[in-house]
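A.B. asks: Take these sequences, add in the hints, and give me the full structure.
Read off the chains here:
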Amino acid sequence: MMLEVDGLTKYFDTPSGRVHSVDGVSFTVSKGETLGLVGESGCGKSTTARTIIRLYDPDGGRIIFGGHDITHATQRKLLPFRRRMQMIFQDPYASLNPRMTAGEIIREPMIIHSIPKDEHTDRVSHLLKLVGLNSEQAGRYPHEFSGGQRQRIGIARALAAEPEMLICDEPISALDVSIQAQIVNMLEDLQESLGLTYLFIAHDLSMVRHISTRVAVMYLGNIVELAGSDELYTRPLHPYTVSLLSSVPVPDPTAQRHIIPLKGEIPSAINPPSGCKFHTRCPKAKPECSQLRPELSDKGSGHFCSCPFV
Amino acid sequence: MSNVAIADEILRVDNLHTTFTTSAGEVKAVEGVSFTVRRGEVLGIAGESGSGKSATMLSVMGLLGEAGLVSYDRLDFMGESLTPESVKALRGDKIAMVFQDPMTSLNPVLSVGYQLEEALRRHHWQGNIHERVAEMMTKVGIVPAEERMRQYPHEFSGGQRQRLMIAMSILCNPELLIADEPTTALDVTVQAQILGLLREIRESSGMSMILITHDLGVIAGEADRVIVMYGGRVMEEGTAREIFKSPAHPYTRGLLRSVPKADGSRERLIPIEGQPPDLLNPPEGCPFVKRCPEAMRICLRRKPEASCISDTHKFSCWKGAM
Numbered sequence: 001m002m003l004e005v006d007g008l009t010k011y012f013d014t015p016s017g018r019v020h021s022v023d024g025v026s027f028t029v030s031k032g033e034t035l036g037l038v039g040e041s042g043c044g045k046s047t048t049a050r051t052i053i054r055l056y057d058p059d060g061g062r063i064i065f066g067g068h069d070i071t072h073a074t075q076r077k078l079l080p081f082r083r084r085m086q087m088i089f090q091d092p093y094a095s096l097n098p099r100m101t102a103g104e105i106i107r108e109p110m111i112i113h114s115i116p117k118d119e120h121t122d123r124v125s126h127l128l129k130l131v132g133l134n135s136e137q138a139g140r141y142p143h144e145f146s147g148g149q150r151q152r153i154g155i156a157r158a159l160a161a162e163p164e165m166l167i168c169d170e171p172i173s174a175l176d177v178s179i180q181a182q183i184v185n186m187l188e189d190l191q192e193s194l195g196l197t198y199l200f201i202a203h204d205l206s207m208v209r210h211i212s213t214r215v216a217v218m219y220l221g222n223i224v225e226l227a228g229s230d231e232l233y234t235r236p237l238h239p240y241t242v243s244l245l246s247s248v249p250v251p252d253p254t255a256q257r258h259i260i261p262l263k264g265e266i267p268s269a270i271n272p273p274s275g276c277k278f279h280t281r282c283p284k285a286k287p288e289c290s291q292l293r294p295e296l297s298d299k300g301s302g303h304f305c306s307c308p309f310v
Numbered sequence: 311m312s313n314v315a316i317a318d319e320i321l322r323v324d325n326l327h328t329t330f331t332t333s334a335g336e337v338k339a340v341e342g343v344s345f346t347v348r349r350g351e352v353l354g355i356a357g358e359s360g361s362g363k364s365a366t367m368l369s370v371m372g373l374l375g376e377a378g379l380v381s382y383d384r385l386d387f388m389g390e391s392l393t394p395e396s397v398k399a400l401r402g403d404k405i406a407m408v409f410q411d412p413m414t415s416l417n418p419v420l421s422v423g424y425q426l427e428e429a430l431r432r433h434h435w436q437g438n439i440h441e442r443v444a445e446m447m448t449k450v451g452i453v454p455a456e457e458r459m460r461q462y463p464h465e466f467s468g469g470q471r472q473r474l475m476i477a478m479s480i481l482c483n484p485e486l487l488i489a490d491e492p493t494t495a496l497d498v499t500v501q502a503q504i505l506g507l508l509r510e511i512r513e514s515s516g517m518s519m520i521l522i523t524h525d526l527g528v529i530a531g532e533a534d535r536v537i538v539m540y541g542g543r544v545m546e547e548g549t550a551r552e553i554f555k556s557p558a559h560p561y562t563r564g565l566l567r568s569v570p571k572a573d574g575s576r577e578r579l580i581p582i583e584g585q586p587p588d589l590l591n592p593p594e595g596c597p598f599v600k601r602c603p604e605a606m607r608i609c610l611r612r613k614p615e616a617s618c619i620s621d622t623h624k625f626s627c628w629k630g631a632m
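Protein sequences appear in the order of chains Y and L.
Per this note's numbering, the first sequence runs over residues 1 to 310.
Per this note's numbering, the second sequence runs over residues 311 to 632.
Heads up, a few of these hints could be off.
If you want the footprint, here are the derived chain Y segments under chain L, 3+ residues with CB under 8 Å [what the hints assert, rightly or not]:
1. 179 to 185
2. 198 to 209
3. 250 to 262
Treat the hints as calculated values from the structure; they're not laboratory data.
Glycine is no exception: its CB is placed at the ideal position from the N, C-alpha and C atoms.
C.D. replies: Written out as structure tokens, the structure is:
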């Protein structure tokens, strides 16, 4: 097991009250697999990722990485784990320092993780080649690259520390359609050649299906469903997943679509609804849904769903 | 091309060119774009960043101001030639626009009711302005309208703000709605709500729509006809069925291959190799030549003319001319 997350919670206190961003999230990621994490804005998927990598301090639950509990590890103790677990960010413009060359950006994790200095130059050229750039480009600045090329630099930087796991937070959302496939194929190739494990966060549901082994669906800080990728997309159980998947537009004008619209707006994470948080918008809600405490349970062959009525 | 305006033709654009002058040089954002929109139809304009899809519509609407140099052979709205003055009067009235970002399209310090009423006052609405605003807000599902008119933009979610923008755009019963990435900033379930709302409005009013988006799924679901743009030029034009079922241009085909299959098969994606076009240094010939797997020598030197496959389907590629 690469990563175990158990009952993870993360709150943010704001002037208008406590935001329950991540409210008891549990899942595991096995070595070499890709766990997709999907959900709409504000569902807590990015906060989950940032808490796992300890950019935020968790308020509850446990994070076990490679068998070690890192939930409350100090920054100094975290350093070796940071080397093993790296992150790729959404915005290839904001996530690279404009005053550093591509080579300096990729070299920085090597300095932080005390990789011998005489190896740096060779490693930088190797990494640039690995992500489909060439070593002559090491001296260029971010603004000299396109969005897709910048995302490649961000990936090379993440790989510079030789991690076992990559947390990819919307790595393709800011890219053009024709470039997205380049990056997805590259991530798949790197996974195979380097044996990487991915936590892949995105809101493009068809791309998540394509790249993931298993997929977890989040709503208002909770995982409502988790199953194998094909299983989830062909046999969704939770009413939220059903509605979410029915809303995905498909590039086929003859496709028969039955959109199951959601009522109203997503409730505030400051005062989330009682019981099942989805009951206010659920097409199948029953009176008891506002009282019960939904828990993920196995509905058969590793298909977990938090709705007790399916 | 016929000189007679067809009765149900709402908009005709012939040979549009838009050039921006920047400190780094001249950018030809739109080069020889032509299209028509008929009554009640949805024309989808698909393209990636820098394809010229937004610049095309901003040029037609006269919204580029001093920034861009716009020229065309013909620009007609409902059979009448559009001038910079006439387009100003039609904007927000018979031609309405909805933009991508509902966060910045509303003034944060004015109540939404005031802003919607202002749109009607500006177009000298003959009737009860307050009632009309309440009616349209109710139509887009912002209820109770009387109460919500007094609220400010920050009190609405992203989806609700886009509903408000749609309410504002349809206040004057437009003939044509130009929607530029109207759902790109929204979540997929909210996107489905907004697209459904726009469909209802079209069905009840007969309004035409130009839908500009990079999202092929949205285009496939909504558009009757589609224009595919790349590097400022129209690469292919056809009915939605023609574009998605029998794409002819190597760019369109590449675009459709680079997204996961709708049936969920895990086949490896086939990306379009290379980088997006550099508009400051465009190739002499076809804008797609550097990324085209089927490029020939002539593609480097000369821009292809459009070749017809059917009455409705044409593409600009030297392969079509062979």
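A.B. asks: Does each hint hold? Answer for all of them.
C.D. replies: Structure-based check of all given hints:
Three residues within the 8 Å Cβ limit are the bar, and the region 179 to 185 of chain Y against chain L gives 6, so the coverage statement holds. Figure legend: the region 198 to 209 of chain Y, annotated as covered by chain L; annotation consistent (5 residues with Cβ-Cβ distances under 8 Å, at least 3 required). Interface restraint, the region 250 to 262 of chain Y with chain L: holds (10 residues with C-beta to C-beta distance below 8 Å; minimum three).
Figure legend: structure checked against the earlier numbered hints; every hint is met.
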